[in-house]
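Place chain B on chain A using the hints.
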Amino acid sequence: MHEMAIAQGILDIVLKTAAENQVAKVTGIKLLIGQMTQVEPECLKFGFTALSMGSIAEGANVEIKIVPLVGLCNSCRQEFPVENYCFLCPKCNSASVTVVSGRELAVEYLEGE
Amino acid sequence: MKIQVMTNILEKNDQIAAEVHERLSAAGIFVVNLMGSPGCGKTSLLENTIVGLKNEISMAVIEGDLFTAKDAQRIEQHGVPVVQINTGGGCHLDANMISTVLDSLDLGSLDLIVIENVGNLVCPAEFNIGEDVKVTVLSITEGEDKPLKYPLIFKQASAVILNKVDLLPYTNFDMQAAITDITTINPHAILVQASCQSGIGLPEWYGWLKEQIRMKKTRSI
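So the sequence lines, in the order shown, correspond to chains A and B.
Numbers in the working numbering are just positions in the first sequence, counted from 1, shifted up by 392.
Numbers in the working numbering are just positions in the second sequence, counted from 1, shifted up by 3.
These aren't lab readings, by the way, just hints derived from the structure by calculation.
Using N, Cα and C, we set each Cβ at its ideal position, and we do this for glycine too.
Here are a few chain B residues that face chain A, going by a calculated C-beta distance under 8 angstroms:
1) Cys-126
2) Pro-154
3) Asn-189
Calculated cross-link-like contacts (lysine-lysine; reagent style BS3-like; alpha-carbon spacing at most 30 angstroms):
4) B:Lys-152 / B:Lys-73
5) B:Lys-220 / B:Lys-15
6) A:Lys-417 / B:Lys-15
7) B:Lys-73 / B:Lys-57
8) B:Lys-5 / A:Lys-417
9) A:Lys-408 / A:Lys-437
10) A:Lys-437 / A:Lys-422
11) A:Lys-457 / B:Lys-5
12) B:Lys-15 / B:Lys-152
13) A:Lys-417 / A:Lys-437
14) B:Lys-15 / A:Lys-437
15) B:Lys-57 / B:Lys-220
16) A:Lys-408 / B:Lys-15
17) A:Lys-417 / A:Lys-457
18) B:Lys-152 / A:Lys-457
19) A:Lys-437 / B:Lys-152
20) B:Lys-73 / B:Lys-213
21) A:Lys-408 / A:Lys-422
22) A:Lys-422 / A:Lys-457
23) B:Lys-219 / B:Lys-57
24) B:Lys-15 / A:Lys-422
25) B:Lys-57 / B:Lys-213
26) B:Lys-5 / B:Lys-15
27) A:Lys-457 / B:Lys-15
28) A:Lys-437 / A:Lys-457
29) A:Lys-457 / A:Lys-483
30) A:Lys-457 / A:Lys-408
31) A:Lys-408 / B:Lys-5
32) B:Lys-152 / A:Lys-422
33) B:Lys-5 / A:Lys-422
34) B:Lys-219 / B:Lys-15
35) A:Lys-483 / B:Lys-152
36) B:Lys-5 / A:Lys-437
Reference excerpt, derived from the structure (chain B facing chain A, CB under 7 angstroms, subset only):
37) Met-9
38) Cys-94
39) Val-125
40) Ile-188
Chain A on its own, in the form it takes in the complex:
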């Protein structure tokens, strides 16, 4: 369960950001989790709840936005949602495809007082 390691990463970022901005109590955290990451959202929330106990982020509402997997064809510039993990361009069948989104693991913002 590597969600614990990721939850620790989130807590580190949250506590550092809160300290830098003189936040005494963190009330909300918004996370961006790409569709193509190996993260189970409920597991991650559970891990964060456990790790944040006793810190200024204890009890913070964790909101997770799942970011869809989108590819960009480098040959014909078509942008397309990647379905069934097929990374071939649906328009020209090119294998040269860049992942535009869907691999995010980020803290977008936090709310506090």
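For chain B alone, coordinates are given in the frame of chain A:
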């Protein structure tokens, strides 16, 4: 009060991974992060690779394992330097674990380090550990549905080894489906059908690996 952050959660790990990569690149060492399920044949592939390349390549092994040193003992018998990392139940290696063991290897004398990750198709795929390439091993007995079930570990791989092909006659493994799925997930990976028992496919793997090592040396000079 709302504070924009937009920070990558794995930033700290990625920073350490970049430092590890830089240090090993400066020494001209090519680094493989070897991944796959428990029992897929990672250690067997590694043992064969050591024997197959011993006269040409100077290599060391970093073994990731939950609790035991069983794999490290297997590697040690082949006379190559091996460092054991026990994650104590942790499901993957991270960059810091690699960083802390580098000093126990004689980096000046090496061409190749293979890091055998913890047996797992999920977690290791998410953590960079300073490698040049990720290599994923999938064995025939696991079934051809695994690439679509665990796409990230196949997407991240530069090479996929389909291991235990000597068992094909005894299974209902659909090789064509496996190849189609792996190549649509990752059109750029090389795919080697191999068996560590019969030795089939291993020369192709050795050839690819040697070419990668040679290119890394050329870049480092």
